[in-house]
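Visitor: Dock chain to chain to rebuild the complex, using the hints, since each chain is given by itself in its own frame.
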Amino acid sequence: MKVMPIIDREKCQVCGLCVSVCVCGALIIVDNTVKVIEVDECRWCTLCELVCPNGAITCPFDIIIENE
Amino acid sequence: MAVKVEFLRSIPYFAGLSDSEIESLGRYVFEKKAERGEILSFEGEPADALYFVIAGAVKVFKTSADGKEQIFHIIRPGDSFNDVSVLSVNANLVSAEAMGTVVLNAIKKNDLEVILREHPKVALNAIQVLSRRVQELVSLVENFSFRHVTSRVAKMLLEYAGDGVGERPRLTQQEMAAMIGTAREMVGRSLKNLEAEGAIRLERNRVIITDQQALRKLAGIA
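So the sequences go chain by chain: B and X.
No gaps in the numbering here: position 47 of the first sequence is 46 in numbering that gives the first Met the number 0, and each next residue is one more.
No gaps in the numbering here: position 101 of the second sequence is 100 in numbering that gives the first Met the number 0, and each next residue is one more.
In isolation and in its complexed conformation, chain X is listed as follows (with noise of 0.2 Å):
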């Protein structure tokens, strides 16, 4: 139980709860494990219960009809998964995959209703959850509507590096593909571009960073 509430302190959903607080949620959580490629959540079934990522990743897509993904989010330890599918409708908006071995936390929808109504703490923090979701998503329009691939990826690689700590899956040039909205071939392209304008550098399985100034350039970020 100390691991279980130990990480629940550290998640947004329970920032400024108390001890106490924190140790009487404990009884509505549940741990589950996944393997990489497992599906964790399908988009269009009903959204049964919110997800906290504790190890590894999640990837959190949608799929066009004619097979074509859409990569959302890459959820990673502490961060959180269905927030919206269980907080408003009933089916899930999106579907979900373990990117390797993943262990998640979890609080099932019905329990999730009753902590919201007990503590109006984690109301307003799922508020600034659900806040920072549409910011995400306003982010994702801007690219799509303002920004040329070879910007979308530069803008893609400096937020997957974020600070550069901490663990992250490695990525797929398709992986990269969804997540910005183009095909494979391109963000190959886009690399090659890239390392030519010396913002990065490409070692076989690696994309280094080297000039993160002319990266946020290249990606339109002032």
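Just chain B, same shape as in the assembly (with noise of 0.2 Å):
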């Protein structure tokens, strides 16, 4: 399973910033909430967690030793 954006449903208004700032289409509204789906074009670009004003959503970034 790809890693993916992660939201925060409790602090997402579904004000729609971080969809339309999505370039590789991994973020989509249904039902009146943001959804992520798994996209192998995601670049991890962190866009949607740099637009977003809630802090709701966030692109989080394992920090490991090379050969560990």
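Some clues are possibly wrong.
Said to hold, decoys possible - Straight-line alpha carbon distances no greater than 20 Å define the calculated SDA-like cross-link-like pairs of lysine to any residue that follow: (1) Lys3(X) / Ile21(X); (2) Lys61(X) / Asn53(B); (3) Lys191(X) / Ile63(B); (4) Lys10(B) / Ile21(X); (5) Lys10(B) / Lys67(X); (6) Lys1(B) / Lys61(X); (7) Lys1(B) / Pro52(B); (8) Lys191(X) / Lys10(B); (9) Lys216(X) / Cys44(B); (10) Lys67(X) / Pro52(B); (11) Lys191(X) / Glu166(X); (12) Lys108(X) / Asn204(X); (13) Lys1(B) / Cys44(B); (14) Lys107(X) / Ser94(X); (15) Lys67(X) / Val50(B); (16) Lys191(X) / Arg146(X); (17) Lys191(X) / Arg205(X); (18) Lys34(B) / Val50(B); (19) Lys1(B) / Arg146(X); (20) Lys1(B) / Ile207(X); (21) Lys108(X) / Ala46(X); (22) Lys10(B) / Ile207(X); (23) Lys107(X) / Val121(X); (24) Lys10(B) / Thr62(X); (25) Lys107(X) / Leu7(X); (26) Lys67(X) / Asp61(B); (27) Lys1(B) / Asn204(X); (28) Lys191(X) / Leu46(B); (29) Lys108(X) / Arg146(X).
Think of the hints as simulated: they come from the structure by calculation, not from any bench.
None of these values were measured; they are calculated from a predicted model.
Guide: Structure, rendered in structure tokens:
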């Protein structure tokens, strides 16, 4: 399963900003809820996280040491 | 109870205590669980308890009047938070938030005072823990005063990755920025700088430290 951005349903006000900036179609609004779809094209640009006015969407990074 | 005693033995506050002493402290310890985003203590509210993280990670932070966040520590299993507030003033100096599902052990402020009076060894251990907190804050001031942002990002990556052993919560660029007192955009730029220097490699949702020596040099660590 591909790691995708995480949406906090309690914080999300469904303003749709994240959907409007997502270039890979990973975010859609269904039944007045923002949903994340697993798509290969998601490059983790983090634009959705950047534009969210409520801090409801996050794109966290693993920080690892090579060969560990 | 066995699991609780085993855990207590592993944390710095109770180092050097006998098995029977640790077992006797078990009655003061209670468990608390929280989910991602749950606030465990609010800045300015009365400090009610000392917390130890058993599982998961906790973010300890302060928020400015205009909503800017400064992260002081990411607390991992075996470490504690709320120490300074519980042992000194009555109000929480900082806030604490669960970064995922979290299991905590806690000791109420009043019970902690009883423990400290009855077990001088715990009081000595507490001094060591508080000394470490001072060292961490000195390091933070040093970062703000003497390091440029790329250098701060390099140091944060090294400290966060540690020895590479154990689980660590993933960090957003916003959280990285809040840890080193800068803007999110600066973190993105600094990560690219560090990649250009050959110290790290960025792979979608992973920051991979490829050359620890180079990263240490960029962080200004001898």
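Visitor: Decide, hint by hint, whether the structure agrees.
Guide: Here is how each hint holds up against the structure:
1. Lys3(X) / Ile21(X): holds (10 Å)
2. Lys61(X) / Asn53(B): holds (18 Å)
3. Lys191(X) / Ile63(B): holds (16 Å)
4. Lys10(B) / Ile21(X): At roughly 42 Å apart (the allowed maximum being 20 Å), isoleucine 21(X) and lysine 10(B) break the hint.
5. Lys10(B) / Lys67(X): holds (17 Å)
6. Lys1(B) / Lys61(X): violated (33 Å)
7. Lys1(B) / Pro52(B): With a Cα-Cα distance of about 26 Å, the restraint between lysine 1(B) and proline 52(B) is violated, given a limit of 20 Å.
8. Lys191(X) / Lys10(B): Not satisfied, since the Cα-Cα distance of roughly 30 Å exceeds 20 Å.
9. Lys216(X) / Cys44(B): The hint is violated at about 28 Å.
10. Lys67(X) / Pro52(B): It holds: about 13 Å lies between the C-alpha atoms, which stays within 20 Å.
11. Lys191(X) / Glu166(X): violated (25 Å)
12. Lys108(X) / Asn204(X): violated (40 Å)
13. Lys1(B) / Cys44(B): holds (15 Å)
14. Lys107(X) / Ser94(X): holds (17 Å)
15. Lys67(X) / Val50(B): holds (16 Å)
16. Lys191(X) / Arg146(X): Holds: lysine 191(X) and arginine 146(X) sit about 17 Å apart, inside 20 Å.
17. Lys191(X) / Arg205(X): holds (13 Å)
18. Lys34(B) / Val50(B): Holds - the C-alpha atoms of valine 50(B) and lysine 34(B) are around 16 Å apart, at most 20 Å.
19. Lys1(B) / Arg146(X): Cα-Cα ~36 Å, so violated.
20. Lys1(B) / Ile207(X): holds (18 Å)
21. Lys108(X) / Ala46(X): Distance ~7 Å between lysine 108(X) and alanine 46(X) Cα, so the pair holds.
22. Lys10(B) / Ile207(X): It is violated: about 30 Å lies between the C-alpha atoms, which goes past 20 Å.
23. Lys107(X) / Val121(X): holds (15 Å)
24. Lys10(B) / Thr62(X): holds (18 Å)
25. Lys107(X) / Leu7(X): Since the Cα atoms of lysine 107(X) and leucine 7(X) sit roughly 15 Å apart, the hinted pair holds (cutoff 20 Å).
26. Lys67(X) / Asp61(B): Not satisfied, since the Cα-Cα distance of roughly 23 Å exceeds 20 Å.
27. Lys1(B) / Asn204(X): holds (10 Å)
28. Lys191(X) / Leu46(B): At roughly 16 Å apart (the allowed maximum being 20 Å), leucine 46(B) and lysine 191(X) satisfy the hint.
29. Lys108(X) / Arg146(X): violated (38 Å)
Of the hints listed earlier, those the structure fails to meet are numbers 4, 6, 7, 8, 9, 11, 12, 19, 22, 26 and 29, in rising order.
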